[in-house]
Structures are given as C-alpha cells and as structure tokens.
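All chains, please: the whole structure from these sequences, using the hints.
There are 2 protein chains.
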Amino acid sequence: MQNFNYNIPTKIFFGKGQIEQLGSNLKDISKNVLLVYGGGSIKKNGLYDKVVSQLESAGIEWKELSGVEPNPKIESVREGIKICRENGIGAVLAVGGGSTIDCAKIIASGTCYDGDPWEQVVDSNKITKALPVVSVLTLSATGSEMDGFAVISDMEKNEKWGTGNDVTKPVFSILDPEYTYTVSARQTAAGTADIMSHTFENYFNQEKGAYLQARFCEGILKTCIKYAPVAVKTPDNYEARANLMWASSMAINGVCSYGENTAWAVHPMEHELSAFYDITHGVGLAILTPYWMEYVLNEDTVWKFVEYGKNVWNIQDGSDMEIAKKAIDRTKEFFASIGLPSTLSEININNEHFDIMAQKAADCGLKFGFIPLDKNDVKKIFEMAL
Amino acid sequence: MQNFNYNIPTKIFFGKGQIEQLGSNLKDISKNVLLVYGGGSIKKNGLYDKVVSQLESAGIEWKELSGVEPNPKIESVREGIKICRENGIGAVLAVGGGSTIDCAKIIASGTCYDGDPWEQVVDSNKITKALPVVSVLTLSATGSEMDGFAVISDMEKNEKWGTGNDVTKPVFSILDPEYTYTVSARQTAAGTADIMSHTFENYFNQEKGAYLQARFCEGILKTCIKYAPVAVKTPDNYEARANLMWASSMAINGVCSYGENTAWAVHPMEHELSAFYDITHGVGLAILTPYWMEYVLNEDTVWKFVEYGKNVWNIQDGSDMEIAKKAIDRTKEFFASIGLPSTLSEININNEHFDIMAQKAADCGLKFGFIPLDKNDVKKIFEMAL
Numbered sequence: 001m002q003n004f005n006y007n008i009p010t011k012i013f014f015g016k017g018q019i020e021q022l023g024s025n026l027k028d029i030s031k032n033v034l035l036v037y038g039g040g041s042i043k044k045n046g047l048y049d050k051v052v053s054q055l056e057s058a059g060i061e062w063k064e065l066s067g068v069e070p071n072p073k074i075e076s077v078r079e080g081i082k083i084c085r086e087n088g089i090g091a092v093l094a095v096g097g098g099s100t101i102d103c104a105k106i107i108a109s110g111t112c113y114d115g116d117p118w119e120q121v122v123d124s125n126k127i128t129k130a131l132p133v134v135s136v137l138t139l140s141a142t143g144s145e146m147d148g149f150a151v152i153s154d155m156e157k158n159e160k161w162g163t164g165n166d167v168t169k170p171v172f173s174i175l176d177p178e179y180t181y182t183v184s185a186r187q188t189a190a191g192t193a194d195i196m197s198h199t200f201e202n203y204f205n206q207e208k209g210a211y212l213q214a215r216f217c218e219g220i221l222k223t224c225i226k227y228a229p230v231a232v233k234t235p236d237n238y239e240a241r242a243n244l245m246w247a248s249s250m251a252i253n254g255v256c257s258y259g260e261n262t263a264w265a266v267h268p269m270e271h272e273l274s275a276f277y278d279i280t281h282g283v284g285l286a287i288l289t290p291y292w293m294e295y296v297l298n299e300d301t302v303w304k305f306v307e308y309g310k311n312v313w314n315i316q317d318g319s320d321m322e323i324a325k326k327a328i329d330r331t332k333e334f335f336a337s338i339g340l341p342s343t344l345s346e347i348n349i350n351n352e353h354f355d356i357m358a359q360k361a362a363d364c365g366l367k368f369g370f371i372p373l374d375k376n377d378v379k380k381i382f383e384m385a386l
Numbered sequence: 001m002q003n004f005n006y007n008i009p010t011k012i013f014f015g016k017g018q019i020e021q022l023g024s025n026l027k028d029i030s031k032n033v034l035l036v037y038g039g040g041s042i043k044k045n046g047l048y049d050k051v052v053s054q055l056e057s058a059g060i061e062w063k064e065l066s067g068v069e070p071n072p073k074i075e076s077v078r079e080g081i082k083i084c085r086e087n088g089i090g091a092v093l094a095v096g097g098g099s100t101i102d103c104a105k106i107i108a109s110g111t112c113y114d115g116d117p118w119e120q121v122v123d124s125n126k127i128t129k130a131l132p133v134v135s136v137l138t139l140s141a142t143g144s145e146m147d148g149f150a151v152i153s154d155m156e157k158n159e160k161w162g163t164g165n166d167v168t169k170p171v172f173s174i175l176d177p178e179y180t181y182t183v184s185a186r187q188t189a190a191g192t193a194d195i196m197s198h199t200f201e202n203y204f205n206q207e208k209g210a211y212l213q214a215r216f217c218e219g220i221l222k223t224c225i226k227y228a229p230v231a232v233k234t235p236d237n238y239e240a241r242a243n244l245m246w247a248s249s250m251a252i253n254g255v256c257s258y259g260e261n262t263a264w265a266v267h268p269m270e271h272e273l274s275a276f277y278d279i280t281h282g283v284g285l286a287i288l289t290p291y292w293m294e295y296v297l298n299e300d301t302v303w304k305f306v307e308y309g310k311n312v313w314n315i316q317d318g319s320d321m322e323i324a325k326k327a328i329d330r331t332k333e334f335f336a337s338i339g340l341p342s343t344l345s346e347i348n349i350n351n352e353h354f355d356i357m358a359q360k361a362a363d364c365g366l367k368f369g370f371i372p373l374d375k376n377d378v379k380k381i382f383e384m385a386l
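In the order they appear, the protein sequences are chains A and B.
The first sequence begins at 1 in my numbering and counts up one residue at a time.
The second sequence begins at 1 in my numbering and counts up one residue at a time.
Hints in this document: simulated from the structure, not taken from any laboratory.
Among the hints, erroneous ones may be present.
Same chains, same label: a pair holds when it works inside one copy or across any pair of copies.
Stated by the list, open to error - Simulated crosslink set (SDA-like; lysine to any residue; CA at most 20 Å straight-line):
| id | residue 1 | residue 2 |
| --- | --- | --- |
| 1 | 129 | 7 |
| 2 | 43 | 380 |
| 3 | 310 | 225 |
| 4 | 27 | 359 |
Values in this document were obtained by computation on a predicted structure and should not be read as measured data.
Dropping the structure here:
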C-alpha cells in the first residue's frame, strides 16, 4: 500500500427530506450566496421552490446563474465569477448534477484568483483558495458532491480538462435520492457507467497491496450492477436510487483510491469524445471501457481481470484468460442491457478526428496508467470501438 | 437505506515516515499540548523520541500523562484534566493504541466540562466541547483514531462505558503500519477480533437496503481474514500491517454503519467481561462472537448469515441453514487459528457474575439489536461460551 494523506471533509446529509438542513447549515457559512443551476428541470420538479424557501427562511440573500450546460463551459464559469465579484458573494450553492457542481467549484476558486479561470482549469496548482461550495445533488454520476474535482470545457478550443483541489471540496452536500426519480432511463444508465468507470480507474492498477481498497471497489461495482437495472425500469425505487447515489460519492471521494498509484485511462480518452462531439460523458465511457479492457488484457494483467471476474461477476470456472474474457463480455453486455450503446458509430462518431483526439488523450498522462498507453494505443482503442 | 448525516472530518497521514507530519500540523492547532501514552513501549521502540523531536522542532511545549492502562480508567482521565487545566493546555496528543486515544478524548472533553468526567462517560450528550485531539496510532484495533468514541472504566464500580461525540473526533491521526511491527502475536490477533467485531456489529442488522455498506463490511472482513494470519506469523510484513491498520479505521468510522439502524450486541456483552475481569477486549469478543451468532441464527435471520457465508467465506453449496452454520464454524476456527481462545474457561472466567453481568449488558440497549436480547438471552450466551 502506498502512503497517502486522507482528507474528505465534506459533510453529507443523506436521505428523504434532508433539504431541510440547507438553510440552517448554509447561513453559518454565508448569508449572501450564488445559486447555480442548469437547464431548469429543478423548476419543473419543485426543487427550486424548496431551495428558495430554505434560503428565505434562513435570511440568506442570493443571486442566480442558471443554464449551466451538461459539459460546463468556461464562459459560464466566467459569468459566475463576475456575479460573485460584483455582489460580494460569500459562498456558491450548486443545485444539480455534476456539471453544475463542477461549474460552481471553478466559479468559487476563480473568484479568489487574479487571472482568467481557464488557467486554473489547465493547472490545478493555481487553485489555492476558493469560496465555500455547497451542493444539492440531483444526479448520481460524477461524485462531484464529495470531491474537489471539476471538469470544464472550452468548445472553441475543443478542450475539456479536469482540475480541482482540496479547497474546492464542498463543505456539505445534500443527497436526497428522491430528487433522482425524474432522471431519465438513459441518463440513469449513463450516470451508472460514470460511477463504474471511476471505480474501474481506481481498481485497475498495479498495486496489489491495497487489498481493502480493491474490495471496496468491488462493492461499488456490485451495487451498480444490482441497482442500475432496477432504477432504469422503476425510476422511483428508493432503495435503488439511494444505493446508486451513495455509490456515486464513494466511487471517487478517495476511499477507493488512497493507497494506490492510480492514473486514469478511459476518462482522458472519453474527454476527447465529449470535447469534440459534446456527447454525454457516461455514454462515451460505457462504449470505450470494454475495448480498453480488451486492449490492456495480457499475461501480465490477467490477474486483475481474474479478481474482477471472480469477485464481481462470480465467474468461478475456466482458465485465468477465460475468466478475464468472460468478465469483459459481461461488462459489455451489462452496459447494453441498461440501454447504452456499444460502439461509436451508434452515436455517429467516425474516425475523422481520431489522430488529434488520440494525441490529446495521450498527453494526459496515459503513460502512467495500468498499462502505459501512447497515441497509437489510444487510436487503436478508438478504432476497436467504431 | 436509512437517512444519515455523514461527518468524518479526521485527516489521516498514512504510511511510512508520516510522523514527519506531526509537528508542522500540530503547531497550527496548539503550541502547548498534553502528550498522553501508555506503559512505555513507545520509549523502547523509539517512537517517543521521534514524537519529542517533532514537538521540539515545531516549537511546541508539552506536559505528559503516561501509564494509561489497557482498559483506561477514569482516574487517568481525571489526572489528565488536572494537568490540562493547570497548564492551559490547548490540545491533547495521544501516542498509542485505542486505550490511550480513548483516554485522551475524555481528557479533552472533560477539560471543557464543569462536572466530573464520569458524567460524560455515562451520558455522551454532556460532551459538547473538547480540546482538539490528535493521535499517533500504534495498534490496529479499536478504530479510535478516526471516530469520536471512547470506552472508559471505573473498576471500583465494575463499570465500563462507551461514550463520545463529534467534538472528540481526532483532528488528524498518523497511521504508520511500521509502528505495529512490535505488537505481539496475541495482541495482533485480539486487535483483529476487535476490527472484525466492529464490522459484525454493523453488518448484522435488519436493513436490507444498505447494500453498499454491507459489501464494504465484507471487504473489511476479507481483509482481516487474509492478513491477520500473515501479521501473526510475520510481524514485519508491511502489506499485512497496512491493510489491518486501514481496516481498523474503516470498520468503525461510520462508512460501514451510516444508513443502517445498528445497535451493537457483542460489544456490550464483552464490556462486562472486561469490567469484571480486566481481560483484553478483543479476546472477549473473539470468544463471544461465534456463540452470539449461533444464538441469534434462526429462520428469520438466516438470510444475513447466507450473505456472510457466501460473500466472505465463499461457501456456495448447501441449504441456507447449512451455509449459515458453516460460516459460524469458519468464524470460530479462524479466531482459534490466530491463537485466540474459544471459551471463557480458557481465560479463567466462570459463571460467578453471569447474573449481574447479563443484567448490565442487557441494560445497554440490547433490545434494539439484530435480534433483541434480554438478560436471560445474554446469560445463555455466556453459558454457551463457558
């Protein structure tokens, strides 16, 4: 097990009716906040009114930034910073999914930064101070509610980068699984692919000594496999929504990665798909993951796939290589079973930009991954996924 | 899944050489601390010198309370409080195992309390404020390094109570697995029984919807089963010590219990053994656990034992009741295999005090457990364990 410094300070209010905690806890942080949200679904489902009622009854004043995009753009960040500065805002409250929370984080750090916030997106070391961030989660996927990361895009440059630091970890987040009842089957499936992909990125590493963390990863994967089909078919199944929501936080808050040298592989590749085609992140991950697995499976890595096959899919029979291949097949079948595409062609992506996308992904540290990958490797994986 | 408020603020510096973090992080909390430790083993193994060197180089002044007992006594707490008050101490630094850290926590809370600290031991609601607590861990067992709990004894009254609150959670803890190399085989085994018992207390509950948490529990149990025999045989195996140490923290910090209505059963019973006979806590737990399992196994509870048998012990064949019984047998055999006793007679405990011990244990809320237990039930379990 590698050395690590564990720091997960975010408080979580989890469960039905926990929105009641918002006002009383937020007013201790600031009485003047920026409320950030997305396309307005929170107005349709009544959450916006609940939030406003909490703010009003706690005597909190607020300004709003709405319309944050699914892959949040740097322009929205800049707009939020402007509002914060002009109004002496003391905290940023995100109500939405990972994109909204990500946007809120860089608004919070960018407000405390002299340069343009894109500088903080491409270099997380430039994030040293931030307004306190608070979130109310409406989508189980990115885990942004309990970590410091944010992914921001500049579509003019076709660039999408992950950034973040300890100071952008939310002070507290409210996780009421009922708020995800209205999430569509496709978004539920894509969110699950995101949770599973975070877990795979942590799980597939060469550190054999982080045994406990590997078992935790398997617990998250089994949870997704059990409950995603339930939530896709029965959107208001509380148990399924609750387990997926808690899995989303635990997959990426550090519990599964502390003690390992993890270097993500599929996320950087997918970020290029989203940056060039603005597709749903989880859809891209579901497509790429099985092909990445096939590509990196070899005699040296098979041990990890055997662990995965036995402990997650309960595949007990066969040679190591047979178990590994079956586990990859089961992964692909699972994503298809919850309605996700299996190839890039299905979402109208062709090989036009593969060269530049592969180069950009390779530049994101893929040589440090489970199996080091270069531009040619990435391009081959894209081609396998066509 | 039940509603929960997640709050695990303790930072962890985990791994080799992390003692280097002590001075620089502690001096930001206070420059005048009480150093609490036990019987002096830290002087033999050199840890005391390292701690002193850290304090000196950071310009931190300190007073000492040494000789804290394995089942820490209220008298030590009172002595520590006196030193804190007389010297204007600003933080309590525990260097040792769970007993030392537990003692430090109630010194920290008692210093901020007007009455006698025993009042805080019997009523955790009286703990509302505490000096900051910091720990350097030397034994993988109680998990006290990452939670708010403390168990304190008054041997004059034959009483041992658990208490604690959010304010007694350590601000940070240093976990260097190498400091546990000198822990004896018996203490290593007893510590593992403690970790496993915490996990069992969380795992065996009626909440079927906290699926993810149950899988995390299984991960901890598998970790203990894999690594305790290694650490017992090869005390300086880093991987084994590291996994046991991290398991000890994760077993009881809340990750395994949030979202469930857990009410502990075996711990309250064991506390009576320790209170009357001053035995090692983990030894008592190892003896009682399998008999408690046998006692509560029935047609209504068998589902949970089947989960346990299949997922932890990989017992796939047989009827549900057969799998359950096999799992209990495996548990008993495991504790014996790492050198722990299987009966109370082996540690010279007879039935003399069973009546009063059973009454006291039953008074600790055993009627809210996995299976509600009353005084007669507890007495029968003690008798089975004779």
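Each hint tested on the structure:
| no. | hint | in the structure |
| --- | --- | --- |
| 1 | 129 to 7 | within (16 Å within a copy, 23 Å between copies) |
| 2 | 43 to 380 | neither (44 Å within a copy, 59 Å between copies) |
| 3 | 310 to 225 | both (14 Å within a copy, 18 Å between copies) |
| 4 | 27 to 359 | neither (47 Å within a copy, 47 Å between copies) |
Going through the hint list in order, the structure does not satisfy hints 2, 4.
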